[in-house]
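Please build the complex by placing chain B with the ligands on the supplied structure of chain A, with the hints as guidance.
Respectively, the protein sequence lines represent chains A and B.
For the record, in the first sequence the residue sitting at position 218 is 218 according to the numbering used here, with numbers rising by one throughout.
In short: position in the second sequence from 1, add 295, done, that's the numbering used here.
In case anyone wonders, no lab produced these hints; they're calculated from the structure.
Each hint should be verified, as a subset may be incorrect.
[Claimed, not checked] Here's a subset of chain A near chain B, in silico, CB distances under 10 Å, partners left out:
| no. | residue |
| --- | --- |
| 1 | Ser35 |
| 2 | Ala72 |
| 3 | Ile134 |
| 4 | Gly251 |
[To be verified] One-sided excerpt, in silico: chain A residues whose CB lies under 8 Å from chain B:
| no. | residue |
| --- | --- |
| 5 | Gly100 |
| 6 | Lys152 |
| 7 | Leu184 |
| 8 | Asn226 |
[What the hints assert, rightly or not] Non-contacting residues of chain A with respect to chain B, defined by C-beta distances greater than 10 Å in every case (computed):
| no. | residue |
| --- | --- |
| 9 | Ala50 |
| 10 | Val83 |
| 11 | Ala115 |
| 12 | Glu135 |
| 13 | Trp140 |
| 14 | Pro147 |
| 15 | Gly159 |
| 16 | Asp174 |
| 17 | Glu193 |
| 18 | Glu195 |
| 19 | Asp205 |
| 20 | Asp246 |
| 21 | Gly262 |
| 22 | Gln278 |
| 23 | Pro279 |
| 24 | Met283 |
Fair warning: this is a prediction, and the values are worked out from it, not measured in the lab.
Using N, Cα and C, we set each Cβ at its ideal position, and we do this for glycine too.
Okay, here's what each chain looks like letter by letter:
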Amino acid sequence: KRSSNALSTGITDIFTKRKLDDDVLEELEELLITSDIGVSTSAKITANIARTRYNKEIAPDEIKEALAEEVAAILEPVTRPFVLDESRKPHVVLVVGVNGSGKTTTIGKLAKQYADAGKKVMLAAGDTFRAAAIEQLSIWGERTGAPVMTTKVGGDAAGLAFSAYEQAKANGTDLLLIDTAGRLQNKGHLMAELEKIIRVLKKLDADAPHSSILVLDATTGQNAINQAEIFGKVCDVTGLVMTKLDGTARGGVLVAIADKFGLPVHAIGVGEGIDDLQPFAAMDFARALSGSEQP
Amino acid sequence: MREVRVALLEADVALPVVKSFIKKAKAKAVGTEVLKSINPGQMVIKVVHDQLVETLGSESQELNLIAVPPVVYMMVGLQGSGKTTSTAKIAKYLTEKQNKKVMMASLDVRRPAAQEQLRVLGEQTGITTLPIVEGQQPVEIAKRALQSARLQGFDVVMLDTAGRLHVDEQLMVEMQAVHSESAPTETLLVVDSLTGQDAVNVAQQFKERVDVTGIVMTRIDGDGRGGAALSMREITGCPIKLLGTGEKLDELEVFHPDRIANRILGMGDVVSLVEKA
Ligand SMILES: Nc1nc2c(ncn2[C@@H]2O[C@H](COP(=O)(O)OP(=O)(O)OP(=O)(O)O)[C@@H](O)[C@H]2O)c(=O)[nH]1
Ligand SMILES: Nc1nc2c(ncn2[C@@H]2O[C@H](COP(=O)(O)OP(=O)(O)OP(=O)(O)O)[C@@H](O)[C@H]2O)c(=O)[nH]1
Ligand SMILES: [Mg+2]
Ligand SMILES: [Mg+2]
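Just chain A, same shape as in the assembly (with noise of 0.2 Å):
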């Protein structure tokens, strides 16, 4: 489902067997700087590349592999599907982002994962702000048959988390995912309020919440380090999903967030539906991202 025609032909374009010559290797920094890698991740990557085939004859085919190869070296570390914890009873995720990323979207699709595999899941509408949030992750809740627990508009979102942990405990719950409201990581105010989330479900297990899941819009540029920074630190992000992989975005961000902080990935969002999220596997995304074909 995911395309990368762009970056393929472009490849293509220079490289019908030349030599690797500083010129091909500035049009191949510039073509990964296109897929949001960003200016230092790009020069490295096309440093090591050269680095062993400088001034050597090379197919497009052959140039498109060992990008892919060099995106996913950076990839695989950071490759770690999102693990239930059974004996959490419940395992807490808190899932966190900027405005509009796909946080209450993800829910319903891994409440829906989960949910087929059997698990008991539990959704807290911990958005209380946003304009009909609550009666979003509600839909969600029906499609997936997972309890919605919800309190009033405005209502106090870590209040709500503290009790719809009690309740899940008392229920048997097997995974209780928070949604919270979409805030800017630069807005203090803000990011207080989930550190007082985390702090309030600490009160039940010091543990918790066992997953943070920071929660990235593959179209966002570079501005998407800085939340992966600032998230992590203030909420001690466990794992990232990136969404919207569906469009042609490429969301190479990723590539320059693994390198810089080396944050776990769980998924990637490939479209609007409860089925479109998908384990995410470097080397898939590595040759999504250089437009190389799998063999």
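This is chain B with the ligands only, laid out in the frame that chain A set:
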């Protein structure tokens, strides 16, 4: 200029736009050679800055209300870019600042609770929303909105649409159908200011499908460098009309090219870079 190129790329200006921009700025810099002896670093900054402001559009752009009422505004864009929120912000602005009688209608039959979201925003702002009819499709809703606005003497009808990817053929066709049915005076492309290189694809595709008349950039309250503004402007030629500066419904501002230019240049950074050069 190498530093400027990197600065622009790091600000998320799309590569093709960076290239054409640098070319133009270079030509300008050569033309202003006379001043070079005074302070070369400052001069590069000034040339680049002025060029940015010029490209972004130095003229302030008002929303067009000149049409036989009800004047139709249609909001389009990717998923989650801020269309629904911006719809309510603009409706509130037109109501309170321009004394217009505005109706809002949600054509989003896809995202869970999308129509409900606009209804709640209507309640919060005291702006009429078209009653929700379960199961009705976007083109039908648009027709009903126009008809009802005509009958009730509304000045403006705002059509909020579902988020869609520019590669989703079915939804792009649906958007065109709504557009030709409602003949909007303004078709506003709502774009997240945090958007990266993909801004060019998005702008190109939306512009090709519907006659985009203006751009609304959201999340200016973030710490993004906002390079997408330059990409969007350059690719579509459409003016950036408004900025979303927060989640609240009065957080809407007119576009200031100067402010965005400074942000894109990360003013501090570039000044120091060029001084070194
Ligand atoms: N194409 C596509 N759209 C997606 C994907 N994930 C989410 N969306 C859409 O993106 C929009 C925003 O998603 P939400 O789940 O509401 O995002 P959110 O982060 O909860 O938003 P806020 O709560 O407002 O901050 C919706 O229209 C979703 O349908 C994806 O993987 N692909
Ligand atoms: N910080 C900030 N948040 C904004 C701004 N504009 C919109 N938002 C938030 O962004 C999120 C998505 O906004 P919506 O208006 O629902 O976006 P949409 O384009 O209608 O989304 P879909 O209908 O799902 O495609 C919400 O959480 C809004 O509160 C803005 O200018 N600044
Ligand atoms: Mg949400
Ligand atoms: Mg909407």
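Hints and how they fare:
| no. | hint | in the structure |
| --- | --- | --- |
| 1 | Ser35 | 7 Å, holds |
| 2 | Ala72 | 21 Å, violated |
| 3 | Ile134 | 8 Å, holds |
| 4 | Gly251 | 9 Å, holds |
| 5 | Gly100 | 3 Å, holds |
| 6 | Lys152 | 13 Å, violated |
| 7 | Leu184 | 4 Å, holds |
| 8 | Asn226 | 6 Å, holds |
| 9 | Ala50 | 19 Å, holds |
| 10 | Val83 | 28 Å, holds |
| 11 | Ala115 | 17 Å, holds |
| 12 | Glu135 | 4 Å, violated |
| 13 | Trp140 | 6 Å, violated |
| 14 | Pro147 | 16 Å, holds |
| 15 | Gly159 | 21 Å, holds |
| 16 | Asp174 | 24 Å, holds |
| 17 | Glu193 | 13 Å, holds |
| 18 | Glu195 | 19 Å, holds |
| 19 | Asp205 | 31 Å, holds |
| 20 | Asp246 | 6 Å, violated |
| 21 | Gly262 | 21 Å, holds |
| 22 | Gln278 | 17 Å, holds |
| 23 | Pro279 | 22 Å, holds |
| 24 | Met283 | 22 Å, holds |
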